[in-house]
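Protein sequence lines correspond, in order, to chains A and B.
Numbering-wise (the working numbering), the first sequence opens with residue 1 and increments by one.
Numbering-wise (the working numbering), the second sequence opens with residue 1001 and increments by one.
Just so you know, these hints were derived from the structure itself, not from any lab.
Don't take each hint at face value.
[Unchecked claim] Chain A residues, not near chain B, derived (Cβ > 10 Å throughout): (1) Leu10; (2) Arg16; (3) Thr26; (4) Leu36; (5) Gln41; (6) Lys44; (7) Leu46; (8) Glu48.
[Stated by the list, open to error] The calculated DSBU-like cross-link candidates involving lysine-lysine, where the alpha carbons are at most 35 Å apart (straight line), are: (9) A/Lys34 <-> B/Lys1075; (10) B/Lys1168 <-> A/Lys45; (11) A/Lys42 <-> B/Lys1163; (12) B/Lys1197 <-> A/Lys44; (13) B/Lys1041 <-> A/Lys42; (14) B/Lys1041 <-> A/Lys32; (15) B/Lys1075 <-> A/Lys32; (16) B/Lys1163 <-> B/Lys1075; (17) A/Lys32 <-> A/Lys42; (18) B/Lys1041 <-> B/Lys1197; (19) B/Lys1197 <-> A/Lys34; (20) A/Lys42 <-> B/Lys1224; (21) B/Lys1197 <-> A/Lys32; (22) A/Lys34 <-> B/Lys1168; (23) B/Lys1135 <-> A/Lys32.
C-beta: ideal position from N, C-alpha, C; glycine also.
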Amino acid sequence: LCGPADFSALSLCLTRVAVISATGTTAFVVYKAKELLGRGQKSKKLVERESSSQPELPDREDVKVGLRPA
Amino acid sequence: MGKAVAAGARMCSRLIATEGNRMFFAKKSSMVRRDGILDIKAFVVATILGVAGAIIFVYSFPAGAITTLMHEVLKLPGPGAGIALILGPFIIFFSLLASRIAGKAGAACMTSLSFSLMVAVLVAILNLSIEDKGKFGGIEFFGAAVLCGLIIDFFLHILRGWKASLWKFIMTSCIANTGLLIFYWLLIFPQTAGWVKVSDVPILVVLCLLGGLVVAVTAIFVSKPFAAQKAGGQKGD
């Protein structure tokens, strides 16, 4: 009913499926690594931009006095 | 007086119903417009996915591999286990991927069509040995693949209102896989492997549903980066 068994075909099939799975997994890992790197660089740039655009604190005596411990 | 009030109330309710219908149809038509039909970009994406799927399928499963795996190693009943667990999920995976990436109605059907055509071309050109039982590359196989794509497109269109795309994909995938299996049982296997035993039907249907479930979850997971990119691009536009 279901045809003759062919174990050589099955082993060939499993080898090929393993090769394709390995390729797919590698592609996914590379994609994820690239995404993480890009995200890290973006957040670094954002921090740099924020620090450069922050206004300087006023150089006032009363503020300085207020910050000093009693 | 009472009659006048009743007539007024009837008129008001009719007005509200008409307004409701108008809003419903406006919403529906906007959804159809958003779904859209296959444009050139979606057509190319769907065709490439179908061709890639066919190449991977023909490369991965030489003649006798599916039958040996299903009936000799896993000891599953047949015929139909290979369709439920390998061929069906394969076609459905690429069709769902195309549908999610292209985001257009008809993408799944186009993918399954190009899949079946490419399998036929590869078998004819390279003179490959593939499973005779499934008539891969034949006219019946072409019909089965197109039916599967049509079922996927139809159910994704019907269920487009569902917010949870995972459940939508799972339901569509299970129905498409079952449809493909029934097509094989009724039109292909009687010519090649004989009729399925009634006692084997429940276990094969369960396997078919399991295959549909797994492939839907995998398709959602794999297509996530592409769908996210697309959403980002649309936001940017």
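Results for each hint:
1. Leu10: Not fine: 4 Å to the nearest Cβ puts A/Leu10 too close to chain B.
2. Arg16: With a cut-off of 10 Å, A/Arg16 comes too close to chain B, as the shortest Cβ separation is near 5 Å.
3. Thr26: Correct as stated: the minimum Cβ-Cβ distance to chain B is 14 Å, above 10 Å.
4. Leu36: About 13 Å separates A/Leu36 from the closest Cβ of chain B, which puts it past 10 Å; holds.
5. Gln41: Nearest chain B Cβ is 17 Å from A/Gln41, so the label holds.
6. Lys44: holds, 20 Å
7. Leu46: Per Cβ check, A/Leu46 is outside 10 Å of chain B; nearest 17 Å; holds.
8. Glu48: Given that every Cβ of chain B is farther than 10 Å from that of A/Glu48, nearest at about 23 Å, it holds.
9. A/Lys34 <-> B/Lys1075: Violated - the C-alpha atoms of B/Lys1075 and A/Lys34 are around 43 Å apart, more than 35 Å.
10. B/Lys1168 <-> A/Lys45: violated, 39 Å
11. A/Lys42 <-> B/Lys1163: holds, 31 Å
12. B/Lys1197 <-> A/Lys44: Roughly 64 Å between the alpha carbons, so the hint for B/Lys1197 and A/Lys44 is violated.
13. B/Lys1041 <-> A/Lys42: holds, 30 Å
14. B/Lys1041 <-> A/Lys32: holds, 26 Å
15. B/Lys1075 <-> A/Lys32: Not satisfied, since the Cα-Cα distance of roughly 38 Å exceeds 35 Å.
16. B/Lys1163 <-> B/Lys1075: violated, 39 Å
17. A/Lys32 <-> A/Lys42: It holds: about 15 Å lies between the C-alpha atoms, which stays within 35 Å.
18. B/Lys1041 <-> B/Lys1197: violated, 45 Å
19. B/Lys1197 <-> A/Lys34: Violated: B/Lys1197 and A/Lys34 sit about 52 Å apart, past 35 Å.
20. A/Lys42 <-> B/Lys1224: holds, 21 Å
21. B/Lys1197 <-> A/Lys32: violated, 47 Å
22. A/Lys34 <-> B/Lys1168: Given pair A/Lys34, B/Lys1168 holds - Cα atoms ~31 Å apart, limit 35 Å.
23. B/Lys1135 <-> A/Lys32: With Cα atoms ~40 Å apart, B/Lys1135 and A/Lys32 exceed 35 Å; violated.
Checked against the numbered hints given earlier, this structure breaks hints 1, 2, 9, 10, 12, 15, 16, 18, 19, 21 and 23; the rest are met.
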